[in-house]
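Peer 1: Here's the letter readout for the chains.
There are 2 protein chains.
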Amino acid sequence: MDAPLDGQVPDFHAVIPAGGAGTRLWPLSRSGHPKFLLDLTGSGRTLLQATVDRLVPLTGPDRVLVVTGARHAAAVGAQLPEVAGGAGPERVLAEPSPRDSMAAIGLAAAVLLERHGEDVVLGSFAADHVIHGTEEFARAVREGVVAARAGHVVTIGIAATGPSTAFGYVRAGDPLGLEGAPSVRAAAGFTEKPDEETAAAYLATGDYRWNAGMFIVRARVLLDHLAAQLPALHDGLRTIAAAWDGPEREATLSAVWPGLTKIAIDHAIAEPVAAAGGVAVVPGDFGWDDVGDFASLGTLLAGEGGAGGTLGDDASVLRVGAADALVVRSGGRTVTVVGVPGAVVVDTPDAVLVTTREHAQEVKAAVDGWRARGRDELL
Amino acid sequence: MDAPLDGQVPDFHAVIPAGGAGTRLWPLSRSGHPKFLLDLTGSGRTLLQATVDRLVPLTGPDRVLVVTGARHAAAVGAQLPEVAGGAGPERVLAEPSPRDSMAAIGLAAAVLLERHGEDVVLGSFAADHVIHGTEEFARAVREGVVAARAGHVVTIGIAATGPSTAFGYVRAGDPLGLEGAPSVRAAAGFTEKPDEETAAAYLATGDYRWNAGMFIVRARVLLDHLAAQLPALHDGLRTIAAAWDGPEREATLSAVWPGLTKIAIDHAIAEPVAAAGGVAVVPGDFGWDDVGDFASLGTLLAGEGGAGGTLGDDASVLRVGAADALVVRSGGRTVTVVGVPGAVVVDTPDAVLVTTREHAQEVKAAVDGWRARGRDELL
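These protein sequence lines are chains A and B, in that order. Taken in order, the first sequence gives residues 1 to 379; the numbers are from full-length UniProt numbering. Taken in order, the second sequence gives residues 1 to 379; the numbers are from full-length UniProt numbering.
Don't take each hint at face value.
What follows is a list of derived Cβ distance ranges for each label pair [unchecked claim]:
| # | chain 1 | residue 1 | chain 2 | residue 2 | range |
| --- | --- | --- | --- | --- | --- |
| 1 | A | Asp-350 | B | Pro-272 | 54 to 62 Å |
| 2 | B | Ala-21 | A | Asp-53 | 45 to 53 Å |
| 3 | B | Asp-195 | A | Thr-299 | 38 to 46 Å |
| 4 | B | His-33 | A | Ser-330 | 37 to 45 Å |
| 5 | A | Glu-377 | B | Ser-31 | 33 to 41 Å |
A few chain B residues that face chain A, going by a derived Cβ cut-off under 8 Å, partial list only [stated by the list, open to error]:
| # | residue |
| --- | --- |
| 6 | Val-337 |
| 7 | Asp-347 |
| 8 | Asp-350 |
| 9 | Thr-356 |
| 10 | Glu-358 |
What the hints contain is simulated information worked out from the structure, not anything from laboratory work. The beta-carbon is built from N, C-alpha and C at its ideal position, and this holds for glycine as well.
Using the sequences provided together with the hints, build the complete structure.
Peer 2: Given below as structure tokens:
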């Protein structure tokens, strides 16, 4: 049968790793108030909330699990009362310290397996990406769940809008011919971020798509792959998960968590399993942006004809000879830009940043610079 | 006899017109808090205070007269307690409304003539210029007073540091051979701001200097020239001055002031009198800057090798790929500039301005833009 076109997907759980410093969006994003807690689109919903809003139609609020750092757990709970405040077991998992995406998603998989058993299919979606096209997103996820039930590790391959050098790519191989998931193909392999020439060559083949780090997989399948690839990490996560909902959680975390291997799920699972033929790719033809820096945010917020966007009240922004300036107003002041094409101005209560879209990637160096001066209170 | 080399100059009074909106320095300079009330050099003294500091050795505090707008009189008094608070008649003259420099200086001349009689020599010096080289300044003024006593309208011709297109020029003619004022020459004429080619041609002759609007002249001579050139303006100012220190001041001001001709002293006196041979120029080889815009302020504050200057605490400024950025910190926030060569960032409690030195003159357009939006509270 085809994947159902609407309604909740049985046994499907959304896992949302909510981490990452977002230093390229400093001083809007801070270590204590990272990107996923921010409304970067002016929609009135933060990136985390929008991620949940997108998934709840597929799962209901009871089957959303957020994995975040202990210091952000309270803020996550406040933003997601329907997830954090519902009945049943805790659905905001707090990590004692960052251990990269494999530990975060692996912990969620192990906890879900403990709580809900062998039928659990999980889909992992970052908390800080922007997606346009909710219906197409849902279609891709529904097909992905079908492929996951068939035993595959499924990744969503995003339709590239250009030869970006900021993302990795996944190459789609032959169609898998799965009933109910007609668009799913084998994943022939993953690539790291390419140079522009290579990226253009990828796109010319028609087989490459952006790897957005979205995975759909049965919890059992994921953990079995992990056991094969990184048995110590697997065993540690299973031990923690077995104790999670009981009185020994803290003691077990203290004993086991600090020793877990720090590794990204792409390296731990996706790449080796793809090489062995175990990964599938479902094409996702929706708009996607990881809002990785202010150039990306500027594109996201741009008006018609590339006019500069404003995050915050645009009536308090004046552009003279700087029509495309991006202005982020979280400090309450008026902002005036005179004659700086491509300007990026970020006004916050304690820090003002001025750069250009062209130099957006170098904002990380500013964070490093303030840290070197011992001004950690700004970071 | 030569002009004395130090000590106060008998009968010499300093007149300081303190006006001008300084819109090219917005939002640092505001209509309610204009440029002359600001410390733009980080010296701890405002431009107005530094102007007085430079003149008091020549006049003593009792012979300094400031002419300013009524709305700024209290602030001027607070900054100059030794001028405003001394014994004797009032030395901060408040204009009911701006009537340009001829009315301001003419009023001062007429009041001084009333108060102190025919021997008064006045020197008029703007409140918002920066001068480096106090000794050379004093020497030029002392020679200027000698030439003024001989009946000339004397202007100080500033040694040009380059073919500026931002200033008018004065052309020096033959030496006047005045005893005690050996450097004084006839003024062959004034020019408006030239283009760069013309300015370079001027400097190649060796006879042209910047006209900084500094005039030294006997009060009686100035008023007689004014009576000949603009008799109605002369008569109005004399009427007001006669009433100034008595009970009819307000009534006389209300009746007469609004009808006074708005004209700059250069056009009213300097140009026509120079054409008739009545103006002398004394060379001033001191550093001078009118700090007319943020490019000028940037040059004034620049560090070694053109490194970017900071007005305010530099420890809270971080420059990454923007070594020459000018940062003005009056808002208390940290400022970070990444990859914007020539950047100008002005942070104030209610307005942030971002521009470049190249576009510094266009800041005026920003002021116009906010006014057009009805945001006069920002101006």
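Peer 1: Output the numbers, in ascending order, of every earlier hint that fails for this structure.
Peer 2: 4
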